[in-house]
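Given only the sequences and the hints, what does the whole structure look like? Please build it.
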Amino acid sequence: MIKVENIQLTFNAGTPIENHVLRNLSLTIKEGEFVTVIGSNGAGKSSLLNIISGDLLADSGYVIINNRDVTRYPTWKRANLVARVFQDPMAGTCEKLTIEENLALAYKRGQPRTLLPALNRQNKVLFKDKLARLNLGLENRLNDLMGLLSGGQRQAVSLLMSSLQPSKILLLDEHTAALDPKTAQFVLSLTNQIVQENKLTTLMVTHSMKQALEYGTRTIMLHQGQVVLDISGEQRSKLGVSDLLNMFEKTRGETITDDALLLS
Amino acid sequence: MSFEIAFGTLEIGLIYALVSLGVLISFRILDFPDLTADGSFPLGGAVCGVCLYLGVNPWLATLFGMLAGACAGVITAWLYVRLNIMQLLSSIIVMIALYSINLRILGLGPFLQHETPRMSGSPNLPLLDAETIFTPFINADYSNQYYLQPLIILAFVVICWSLLNSFLNTQQGLALRATGANARMAKAQGIATGKMVILGMAISNGLIALGGSLFVQTQGNADISIGVGTIVIGLAAVILGENLLSSKRIGLMTLAVILGSIVYRFFIALALGNETLQRIGIGTEDLNLITAILVTLALVLPKQLKKWKARRGANA
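So the sequences go chain by chain: A and B.
The working numbering puts the first residue of the first sequence at 1, with every later residue one more than the last.
The working numbering puts the first residue of the second sequence at 1, with every later residue one more than the last.
These aren't lab readings, by the way, just hints derived from the structure by calculation.
Any given hint could turn out to be false.
[Unchecked claim] No farther apart than 35 Å at their CA atoms in a straight line, the calculated lysine-lysine pairs in the DSBU-like style are these:
id : chain 1 : residue 1 : chain 2 : residue 2
1  : A       : K96       : B       : K248
2  : B       : K303      : A       : K96
3  : A       : K96       : B       : K309
4  : A       : K168      : A       : K130
5  : B       : K195      : A       : K130
[Claimed, not checked] Over 12 Å on every C-beta distance to chain B, these chain A residues come out as not near it, computed from the model:
id : residue
6  : M1
7  : A13
8  : G14
9  : N19
10 : H20
11 : S26
12 : L27
13 : T28
14 : D129
15 : G152
16 : A184
17 : N192
18 : R218
19 : S232
20 : S237
[What the hints assert, rightly or not] Selected chain B positions facing chain A (in silico; Cβ < 7 Å):
id : residue
21 : N169
22 : Q171
23 : Q172
24 : L174
25 : A175
26 : A188
27 : G190
28 : I191
29 : A192
30 : K248
Backbone N, C-alpha and C fix where the C-beta goes; we use that ideal spot for every residue, glycine too.
Right under this line is the structure:
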């Protein structure tokens, strides 16, 4: 369970470029919920994710994960609770390390690391097994450098990495935005599969209204650092993309000119 | 090139192989441009030298030299990690501080032996009569010194190389490599990257100072000036090694650096022994200039070659 309470976050406070990113934002996400997050640029979507992951620390307010107050924890200290896939395929993996070394890193996410070899026969078999299930032929390329993979392959491996260690929360920050439509579709269905198999509490930021309604169990819309729309259950299943767009326009008080939002 | 000179060249190549392994860790694995080396190499030499001067067991003295270097690395890393001073600047600060500290340490030997009335620094410390790790193995007439010393240093290099390889393939070692390669990802995987940088810099400068400790024992004196250009020589070996043998496997990456260091020394020896160059007056005093030119060429040439090739391709 994630509980975010009265979060305030301001960039460059006290300067002419002061930017109040999150305004008293509160949000409670129940165990096992799959929340899609939408909102225009600068609405605070990524900041919200960064507050939960620890990449950003809030000016005030609380972040509580599984009844543990992690507000002041740095990223690495929360890693046993939070798994993450970044928007940039380069960000979530180490291109200078091999595929199996990347998996070995994730296999110990949030766990104490010892002076035992990172790779051994058992975990290599496990990695091969897991990679085979991606159907990308990567199971024969364990020794290849991560940098040789395409963006889609890297995101698929990132997702796999996030599921190697049990975690409570999965954070997805527009993780298909840098991919072509077909690959994006593949990565999304893989996401769904991993979320369901591991019963993860998930937060997925997306720019696509269609994705926001198609995936997950609950949708929230952020605007100027606040939650302006929160729908789930029957109300959500009756909603179409056009309804959502209307609400989106209403909150912004302007018509949408961003083609990407309309067409995707 | 005579047998003796070849072994002498090998010896110095092997000593600097330890330095190069240290430079590999900081520059390549951690992506930390670290100039501490110019201070930690003579620091290892000075600490080891003073211990030898005072009659401490030479193996212990070597170990102390290495630990002193590790401490210097920790301080540099700490300035960067905790006080947020730029990497390059932190290392320069520590390097410059070590210059004074090394002078003090070198002066400590005669003072503690009551040979000088007051505690003052000294730019060098003679170790001609001191017992070194080599002493027990060498004949009274020094007839086997020229091959035994390189052999013992080779043993050091082999041990450090295999220990380093095993470490870099452990869970901790992998975390260290991830820290340098992608710090944001490393943090998301639960790695305390700050601690990893401190650990890596300790290992790096420990190896460099071990090189310094062995160096003074082969030279028969400890001198403040041995540190000048350490980092450039180490970097030269790293770059040369990468060109000789490029691999993604950590064991071969480290081996390449060792080979690079030895090959580099043979280049230098050949250049200094070259009669034409000698005739136009090039001597040992030009060593650092030659190194600087070689490193510049090694850094620039591969990129330029690529550019020329690309331009040719465009014209064709």
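For K96/A and K309/B, compute the direct alpha-carbon distance and say whether it is at most 35 Å.
Holds. K96/A to K309/B sits at ~26 Å (cutoff 35 Å).
Would you check whether the claim that D129/A is not at the interface survives, using Cβ distances to chain B and the 12 Å cut-off?
holds, 20 Å
According to the definition I'm using, a residue is off the interface if its beta carbon is farther than 12 Å from all beta carbons of the partner; does G14/A meet that for chain B?
holds, 20 Å
Please confirm whether S237/A is truly not at the interface, meaning its C-beta sits more than 12 Å away from all C-beta atoms of chain B.
holds, 33 Å
Mind verifying the non-interface call on T28/A? Its CB should be farther than 12 Å from each CB in chain B.
Per Cβ check, T28/A is outside 12 Å of chain B; nearest 24 Å; holds.
Is K96/A close enough to K248/B, meaning Cα to Cα at most 35 Å?
holds, 8 Å
Are the Cα positions of K195/B and K130/A separated by 35 Å at most?
holds, 31 Å
Assertion that M1/A lies farther than 12 Å from chain B (Cβ):
holds, 20 Å
Going by Cβ atoms, does A184/A stay more than 12 Å from chain B at every point?
holds, 21 Å
A13/A and chain B, when compared Cβ to Cβ, separated by more than 12 Å:
holds, 19 Å
Nearest-CB test (12 Å) between chain B and L27/A
Label holds. Min Cβ-Cβ 21 Å, cutoff 12 Å.
Hint validity - G190/B Cβ closer than 7 Å to any chain A Cβ:
holds, 3 Å
Checked against the numbered hints listed earlier, the structure breaks none of them; every hint is satisfied.
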